[in-house]
Amino acid sequence: MVSQNSGDIQPDINEEAPAGAVYRRVDSRGVVVLRHETEIGEGPDAKIVYYSVYHHLGIISEKAKKLGSQIYRKELIGCPGRVGGQPGIHMEIFCSEKNLKKIIGRASDELDYKNKNGRKNIVYGDVHFYIPATIKSYSFQNDIPPLNKATPSSGGEVIGVDLFLTMQFKKGQVELHSRIKSGDEYLKVEPLNNKKKSMSAHGNSMAHYEFSYHDYEYDMYLLARELQKLHSTNSCSSIYELLKFGRVINSENEADLSVDVPHWHLVTLPNKSQKWINLHHLDIKIFSDGDFPPWMGWKFIDGSKDETSQCTNKIILNVLNDGKGELSMEKIAGRLGDDFVKHKFSKMICKLRSEWNDKTIMKMESWRTKKSNLNPQPIPESEYNGNFKSDAVKLCFWQDLLNRNNSIIPSGCLCGHKINPEEVISKKYKGSDGNLNAAGKKLAVNIDIENGEIDRSVRAYEPLLEDNLYYFNPAAFIEHFSKNMWFSNHELAQAIPRIYYSYNGDSEGKGAVNYSTALFRAAHVLNKKNAFNKMVRKYGFSEKIRLTHLLSQELTEMFMASTVEEIGGGHQQSRNGVLFWPQPAMEYYQAFYGRGHMQLTWPDNYAKYGDYRSKRVLPDNTVGNYVDTRITMSSTHYWVNPKDEEKATKKKAIPKQWYPRYDPAKLVDDAYSSADSGGWYWISKIVSSHSGEINISRHADLSLDSSSVGSVSVFVNGGGNGYFDRQGFSIYVKNFFLDEKLNEKSIKKDIARPTKKGQITKSVSVDFTPQRKK
Amino acid sequence: MSRVVRLLFCLFFIHLVNIARASPLPSDGWFWRTGDINSFNKKLPAEMSADFLLSKVAPAVKTSKLVGVSIKSWPGFSGRYIVALCVGDGENVENIAGCQSELYFGIFEMEAAENSNNYILLARTENKVSDEVNWKGSNISQEENKCLNGDANCAIEKSFPDEWNYIDSATFKISENIPTFGMRASWAYRYAGSSSGMASALYLIAQFGKKLKVIFAAPMSYSETIEGEWNKSHTLKSEEHFAVENYLIVEEKDTAGVKNIILREKNGKWRKRYKWNPIERMYFSD
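Protein sequence lines correspond, in order, to chains R and P.
What the first sequence shows, in this note's numbering, is residues 1 to 774, in sequence order.
What the second sequence shows, in this note's numbering, is residues 1001 to 1286, in sequence order.
Chain R on its own, in the form it takes in the complex (with noise of 0.2 Å):
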């Protein structure tokens, strides 16, 4: 963060003034520059550096006007001042080159999009495909595809022409939109008739599926399973990142998929009809929003040649005029109010130097003192080299960062924090004679480890600036990162709680993680691998509100991110040498105890996953050695409940044997495994017995209620466990993930769970402590 505090240009109050002198109409205190320090995917390229100015502000916080102050989501720097007479500032966002290559995934305006896939480690948004013309497309009875065939032998015409076709998925529905190239522009062709509208509901369920555009997102893992039957070689849940990405991007941990598993879509063709399209073809190219289509409007602007500031370069003159005669400052001010222009320049990334230099500003606003049709009236010498000249100096800001980020303020600041030991290894982790015991030293090796994770990591930011920078529109780069879900470690640490509340049955209480813990956990548990933000990405939790849901969830069934196993691992617990199960189940699941993200817990749900993942990455376990001892080659256990299957059926449950199945442990030791068995819970529950509809982000998609947060809770778990603590969580995950202004003070919310027995309710406090590093 660079600041900087200019502090003496005032408002100019004198209302008569000529037009000439609305640059005096400005209240600018100073300046603030935030270098951002993030991560957009996986590996070093994801890591990014961009900046944000926040230019005329009328009050700067005492925060941000520390130099290399830290400053955090939400946080106020200051309040807004003067910009041409009305209440606003100037706002920037820019980054150098290295890092536009980082974020684009290339420096210049060529997307290579005929020959090569989009990035595989950066994926979020929208999914675009480039379908070309040579593509068949189809007809079928009753719009119904063949989800056998990837090529049906007959009918099929060539499309004729290339198109631009982006899948984009929201609160369950699926959205398709075509775009054909003319000349430079890439135009939307909108359907003559959408037949996707007359499309009837089928009430899709485990028991019944038929290909349906009506709850698309929702039902996908019914779509993929009815896929995974017909192509029976193939992994359900490669197919599932088929229908979600287009492609398996997860391939370290995901099965190849064969070509013959099609991914039909009803595409808008260009002459204004709706065929299908397999879009699962190696001549269709796959990206994402994070590869900065071209047909989304994104252009490359150089500017950097420019001598004045005023915008000149043709392909910006180009959209500026409609064709009708000469520019004007008039027309200019027209067509920028038109949304088209608006749009045209949201997406332009612009290739320029900063406009504060003092060492240039003076030459780049000299057009300001000659007429022409845009700028009919010219500042008189004398007021350009004084007051203007005065005013816009002080306004410079340049240099001042140049030095500061290059070499006073270090990379890293708050990527590079690392672990403090002390934080974490706590008194359970040292014996009498304060020695670590074998599970503190074994902490303390794994700290060691995230410790150098994060040397590592920091190495990847490149946070030099250079005198070319490149330009984003802020509010189109901000909507459109809104769509990254990917996390850094400490990011995340962020939502874990500073104070949480917790009912444990007879007492409410409060707990506290500090940012070291919170950081380890983060790091080593609950994104450990990215397999979080993996999970996050495959299974469209992109929504604040689903990711809200789901980290409440999280944070109670991981024990506020500290375990993937459920606590005793199963076993019996000594009482003054009595052994006991601590809980009635627990005698019957055993070994099948709980596991990854959501715990799974009973054979029945470690099946059910391992059947969707397939064999091929959870392969048969056919040596018979499984970590859990109480699993062997003839051991038997019982799939569910015993208690509640025997009263259903009225027949005596008979336990059955696990092996060859892959052993239990994969949902601990492989973190991928761990955090996907989570979210293939959430897609797959069943969230209606009556009509069998399943995936509990149909209730999560409503609201971060109260009652949201319940029926999120039931599905998860019954309701039981951590009600009230899962209610807390959302609340205090809701105040800083959410575009709300934050909330400071502490509150307490009364929370009633419905039980069949009556109702309890529990004042829930929310402590909104934030979580920072000291």
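Just so you know, the hints here were simulated from the structure itself, not pulled from any lab data.
27 Å max Cα-Cα, derived DSSO-like pairs, lysine-lysine:
#1 P/Lys1072 to R/Lys643
#2 R/Lys650 to P/Lys1173
#3 P/Lys1042 to R/Lys652
#4 R/Lys608 to P/Lys1158
#5 P/Lys1232 to R/Lys430
#6 P/Lys1065 to R/Lys149
#7 R/Lys757 to P/Lys1272
Got chain R sorted already, so can you dock chain P onto it with the hints?
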């Protein structure tokens, strides 16, 4: 011959027949297919090969789709057997207790021949069973979430079971002219953790000439075990258990010659009467 002697003779004779001709004994469970069409986890009774049963009961279904078979003697109808065929996509079924896909029924009668038994198909369902259970007005609420959140309309829909469990061995004498048997079905509520729940329903299927038809389908039980709160040592503090169970009573009173059915909650006051509708040929609640 006195009645007692006649009965003893019959029992002895049937016993002998069973031994001599390896007649299918009633089976509580399912025979699950493990490989090709006649390969099962338990040996199917002689003369009741899978392809024979499929060709008679559901001839339009491909043999590759047969997942399992359940056979049971029809209580009260000596020499007749109820056959349930489970038909699906050949998923791994070795670990399930019931049929989780489509169900077809057939009634066979054994005709003793000199060296083997012949089984003659008497009736069958024309299509897979597709009748849903109506939860409206039931004392059993399935829509857990909505009901827990106080939604008064939480149990008004119909649903199809997750699993067909077993052919019920009770006799259901609703009319002299309408031979009837039962099939139990269930729903499982699987939570990520150790909480669980199950609901069950009873289907009654009747024979009308050569056709079998579902005449009744109602919820019978609900059982739920919910994990309670944890204490500080992360052991369970409490557990919530909730269970409802209904009895089925065939009343003496009838409607259009078919006896009324009453469902009554065990240890509860709830009850519901179902009456025969001769036009629809099935039961409807009051």
